[in-house]
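> Make the full structure from the sequences, and use the hints.
Residue numbers (this note's numbering), protein chains in the order written: chain A, 1 to 251; chain B, 1001 to 1124.
Keep in mind that the hints are not guaranteed to be accurate.
What the hints assert, rightly or not - Subject to a maximum C-alpha distance of 16 Å in a straight line, what follows is the list of computed EDC-like cross-link-like pairs (lysine to aspartate or glutamate):
{"hint": "1", "chain 1": "A", "residue 1": "157", "chain 2": "A", "residue 2": "74"}
{"hint": "2", "chain 1": "B", "residue 1": "1026", "chain 2": "A", "residue 2": "53"}
{"hint": "3", "chain 1": "B", "residue 1": "1118", "chain 2": "A", "residue 2": "114"}
Said to hold, decoys possible - What follows is a set of in silico ranges between Cβ atoms, one per label pair, in the way DEER data are often shown:
{"hint": "4", "chain 1": "A", "residue 1": "173", "chain 2": "B", "residue 2": "1062", "range": "45 to 51 Å"}
{"hint": "5", "chain 1": "B", "residue 1": "1026", "chain 2": "A", "residue 2": "173", "range": "55 to 61 Å"}
{"hint": "6", "chain 1": "A", "residue 1": "111", "chain 2": "B", "residue 2": "1080", "range": "16 to 22 Å"}
{"hint": "7", "chain 1": "B", "residue 1": "1038", "chain 2": "A", "residue 2": "54", "range": "30 to 36 Å"}
{"hint": "8", "chain 1": "B", "residue 1": "1026", "chain 2": "A", "residue 2": "63", "range": "46 to 52 Å"}
{"hint": "9", "chain 1": "A", "residue 1": "136", "chain 2": "B", "residue 2": "1114", "range": "33 to 39 Å"}
{"hint": "10", "chain 1": "A", "residue 1": "230", "chain 2": "B", "residue 2": "1077", "range": "31 to 37 Å"}
{"hint": "11", "chain 1": "A", "residue 1": "70", "chain 2": "B", "residue 2": "1077", "range": "39 to 45 Å"}
In case anyone wonders, no lab produced these hints; they're calculated from the structure. Since the model is a prediction, treat every value here as computed from it, not as a measurement. For each residue, glycine too, the CB sits at the ideal point set by N, CA and C.
For reference, the chains in residue letters:
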Amino acid sequence: MPTPRTHKELEEALAACQAHHQEKAEFISMMTHQLRTPLSGNKWALNMLLAEDVGPLTSEQRTILTRGLRATEEMILLLQDIIHAHKHDSWGLVYTHTPTSISSVVHAAVCHFEQDARVHDVEIVIEEPEHEADTLIIADEQKIRFVIQNLLENAIKYSKEQGHVQVSIHKENDHIVIHIADDGIGIPADALEHLGAKFFRAHNVLEKEGTGLGLFTAYKIIREHGGTITCESTEGQGTTFSITLPCTQPA
Amino acid sequence: MSDTHKVLFIEDDDFLRSLVVTKLQKNGFEVATKGDGADALALINQEKPDILLLDLMLPGVGGFEILEAIRNDATWRDLKVIIFSNLGEEEDIQKGEALGASEYMIKSNFTLDELVEKIQSMLA
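What follows is the structure, given as structure tokens:
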């Protein structure tokens, strides 16, 4: 494409880019749906074989099928990451700010991971002063929910056995502060400063599936709400993410 | 056998359909299936299911349209309907809820054992 010069040329170039972007978004949406269907089939088929729904298994067969199932589940999670990252990292995010109850968002996010937490033997508790539970802030509810879910997902994924996750919400002057604290594997000191960089993953999580896009997107969303997100962690002992969001919409 | 529950499963993918049918039958359900969305209400009238398991992206008539038709039908407006799809964006889920889906399950996030548990709890 030649370098555009006039205002009209710039507008045309922008429109062309937006049309191209829209096409790409539709393609990715279609592709991810199409990919999930055969992956669901794989997951169910392997699960049924492992449940011995269609006959008994030898231990060797069980081992192989278990590995196959794990690989399939990893693919499903990677696909999920790609869908989220694509959705939240295209053309800048479009925000729909409405009065939002952080308490409801947190409860919904915790509810979303109930089953996951059970499977990983992780206990999640929410702490909030009762009289602050109906505090509303001006925010994009879906995107804040994405952030909370992403942090909870990490807390569960990188937990130790019989792990604990504590989510606390409280008001500080004209800000809402959310802490998500776990007693999981922690983040190495040299990795802390790189958190939130695109595709960054700490060396102690490389054996688990992931793309390094979740935190990148979460940091971006909080920044663009005029808030802050910080992390304190000790490797082997646990991690606390702290989010601060202004109660009123940034001008 | 009069207490056997009947599940109607509308799904266009043959492999997924056959796995779900096998699993549900092994768990004592009677199962009817269809591979597209055409004439869904007529099929429901004919099969009289206790619960409908409904994919969204179907050839012909889509799952949301079918759900809408069910909720506007005097006989079947209270039918339990689980949307069972791989479309799982917030807006899809919200649309499903707005149209009156009883549950929304993203296929790849569940095992068929979990699906069976869900159906059993909804029919209990």
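> Which of the listed hints are not met by the structure?
8 and 10
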